[in-house]
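Chemist: Based on the provided sequences and hints, a complete structural model is requested.
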Amino acid sequence: MFNTRRTFLKGAVSLAGAAALPGIVKAADAQVINYGGSAWLGHYPAYIGIKSGLFAAKGLDVKWQSFGTSSARMSAMLSGGIDVACTGIVSALALMARGSKHFSIVGVPEDFGRVEGLFVRSGITSIQGLKGKKIGVTFASSSHMLVLDLLASAGLSPDRDVSLLNVPAPELPAAFQSNQIDAAAAWTPQFNRIRSMPDIKLLADDTGFSLYKQYGVTPGPDVLVMRRDFAGKNADAARKFLQAYFEACTMLRDKPDQAAKYLTELTNLTLQDQIATIKDATWYDAAQQKALLTTPGKYVDGLQKLAEMLVTHKQIDKAPAVRDWTNVNYL
Amino acid sequence: MVLNKQQGRHPGFLVISCISVLVFLLIWEAACRFELVDQIFLPSPSAVLERCASMFREGTLMGHVLASTRRVMIGFLVATLLAIPLGIVLGTSRVARAVFDPILSFLRPLPSMSWIPLSLLWFGISETQKYSIVFMGTFAPALLYVIDATRNIDPLLIRAARNLGANRWQVMREVILPGSLPQIISGFKVILGLSWTCVISAELVAAKEGLGFLIMNGKEFFQTDAVVLGMVMISVTVLITDIVLRKIENKVLAWQR
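First to last, the protein sequences are chains S and B. For the first sequence, the residue numbers in my numbering are 12 to 342. For the second sequence, the residue numbers in my numbering are 1030 to 1286.
Some hints could be false.
[Said to hold, decoys possible] Think about it this way: if two alpha-carbon atoms lie no more than 30 Å apart in a straight line, the pair counts; the simulated DSS-like pairs of lysine-lysine are:
(1) S:LYS112 / S:LYS309
(2) S:LYS316 / S:LYS290
(3) B:LYS1280 / S:LYS316
(4) B:LYS1248 / S:LYS112
(5) B:LYS1248 / S:LYS74
(6) B:LYS1248 / S:LYS325
(7) S:LYS325 / B:LYS1237
(8) S:LYS145 / B:LYS1237
(9) S:LYS145 / B:LYS1248
(10) S:LYS316 / B:LYS1248
(11) B:LYS1237 / S:LYS329
(12) B:LYS1237 / S:LYS142
(13) B:LYS1237 / S:LYS212
(14) B:LYS1237 / S:LYS144
(15) B:LYS1248 / S:LYS329
(16) S:LYS144 / B:LYS1248
Don't read these hints as lab results, they were simulated from the structure. Since the structure is predicted, the reported quantities are computational estimates derived from the model, not experimental observations.
Modeler: This is the structure:
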């Protein structure tokens, strides 16, 4: 019996080892990529890529790291903690303005311009009507840029004519409801919450931004950035990552119902709300990337103008040459 | 050589301290100039000075300093003005201590940042919200300092005053308050430093000026020179207020010297 048990144990261990071996080999072979994300919609493609196995199918082991803000995410990229991330362009431009050559812009996941905008109480009918009013906006965000641009286009000074209050995005609906502010600039999901309030109307969304009509650039578009050192040493992995990433973007655009199922765990939205949020944004696929990021090109020119606008509004000290940071070699 | 009587320090030490600071700044500047350190991670002293000069010229720097100082002073003063009488009562009455001790024990370990969500609901995005954060972060520690100072009064002095016919109010005013004041004031100097950490928390949310805002906004735009400038200005302001407090202490407690 002793012999039988020993034989049985040997056999079981061998079988378990044989079963686990392909997995172990696969995990050992897989190229690890650290991705900086959050529940914001700009990170949906990466999350879907992880959950649906799109990255794994390319031999990539993409590890998800969560960050509260774009600046925190970019700081992690500077220190080498993450290799790839989606970020609001304002944060990337600020870092570029400081001369950081640590990263490149390698993709544009989406355009969320129709789910970001300026809400006012129903008595206010124009931007000029905001004179003397309190506007709640999250400083250093795309909404902040939108407000500064709208005020400038109406000839209003953000320092003298209105009172701009720095309100964190999650607090904006409550600040509106409790009459602490007369207007608020917000992006989804706060955008959707404010839109559903009574006696509140949308005065302008990102399509009212001065650079939108000419360049198709919203106040703070999302961009996909990659650490240069990582991409330089792992060009093949960088290419595979982008292939899988834009397959996820295609799924978001063409099969939102299927994509939504992977995302509810990340966002805690109901399936119905999740599908609606996906549909609110315009998702770009791989074929569209070169048109967006090649220089000279309309979109990059728009980003350059945005950088100059940030200087005009004293958000950054100098405008970086955006083309020096775009890279389409891995597409 | 003559000793500096007030500070009790040899003047030679002041020279050594100045040289030490200068050498430190020179090494820091050289490390940045020779690119041993990336300026995004640590800006050079000259870059910080440049940022300081440009913000001073624009008139924004003093605005940040004054906004934070105002918030600290109001929050701190309200906390201390309430803490002194309440602390004396709690320090002298066992019953009052039994009533309030559990509540104090609950409040004392709470960091000022933990009050931000509630203060936003109670006071909205107003200045009162900022004052309340400073108040909540400093009140419990200030109260404990006063209680402790009151309880350290020699019971013989209190008994002697009572034997001489002093009533409860007179004992408090003539014996307990002057007796505990030196310890209260030295405790409040510590609390003032603490209230500066609170104001930074307060300015993380819904502020558009103040040194906390300067630091956080600098962080958002990777303007590390502005971040370091904000930190330096906090230290300088705390040092100045500490000197002012020491002067007040010397005047108020002249009898103690």
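Chemist: Against this structure, judge whether each hint is valid.
Modeler: Hints, verified against the model:
1. Using a Cα cut-off of 30 Å, the hinted pair LYS112 of chain S and LYS309 of chain S holds, with the two alpha carbons roughly 23 Å apart.
2. Distance hint between LYS316 of chain S and LYS290 of chain S is fulfilled; the C-alpha atoms sit about 28 Å from each other, no more than 30 Å.
3. Distance hint between LYS1280 of chain B and LYS316 of chain S is unfulfilled; the C-alpha atoms sit about 60 Å from each other, more than 30 Å.
4. Annotation: proposed proximity of LYS1248 of chain B to LYS112 of chain S holds, straight-line Cα distance about 18 Å (limit 30 Å).
5. About 26 Å separates the Cα atoms of LYS1248 of chain B and LYS74 of chain S, which keeps this hinted pair within 30 Å; it holds.
6. Under the criterion of a C-alpha separation no larger than 30 Å, the hint pairing LYS1248 of chain B with LYS325 of chain S is consistent with the structure, at around 15 Å.
7. Of the supplied pair hints, the one linking LYS325 of chain S and LYS1237 of chain B holds, its CA atoms being roughly 14 Å apart against a limit of 30 Å.
8. For the proposed pair LYS145 of chain S and LYS1237 of chain B, the alpha carbon gap of about 13 Å is at most 30 Å, so the pair holds.
9. For the proposed pair LYS145 of chain S and LYS1248 of chain B, the alpha carbon gap of about 25 Å is at most 30 Å, so the pair holds.
10. A distance of roughly 23 Å separates the Cα atoms of LYS316 of chain S and LYS1248 of chain B; the hinted pair therefore holds under the 30 Å criterion.
11. For the suggested pair LYS1237 of chain B and LYS329 of chain S, the alpha carbons sit about 22 Å apart, so the restraint of at most 30 Å is met.
12. Proximity of LYS1237 of chain B to LYS142 of chain S is assessed by CA-CA distance (about 19 Å); at most 30 Å being required, the pair is judged to hold.
13. For the suggested pair LYS1237 of chain B and LYS212 of chain S, the alpha carbons sit about 26 Å apart, so the restraint of at most 30 Å is met.
14. Annotation: proposed proximity of LYS1237 of chain B to LYS144 of chain S holds, straight-line Cα distance about 16 Å (limit 30 Å).
15. With a CA separation close to 16 Å, the supplied pair LYS1248 of chain B and LYS329 of chain S stays within the 30 Å bound.
16. A threshold of 30 Å between alpha carbons decides the hint, and for LYS144 of chain S with LYS1248 of chain B the separation of about 28 Å falls inside it, so the pair holds.
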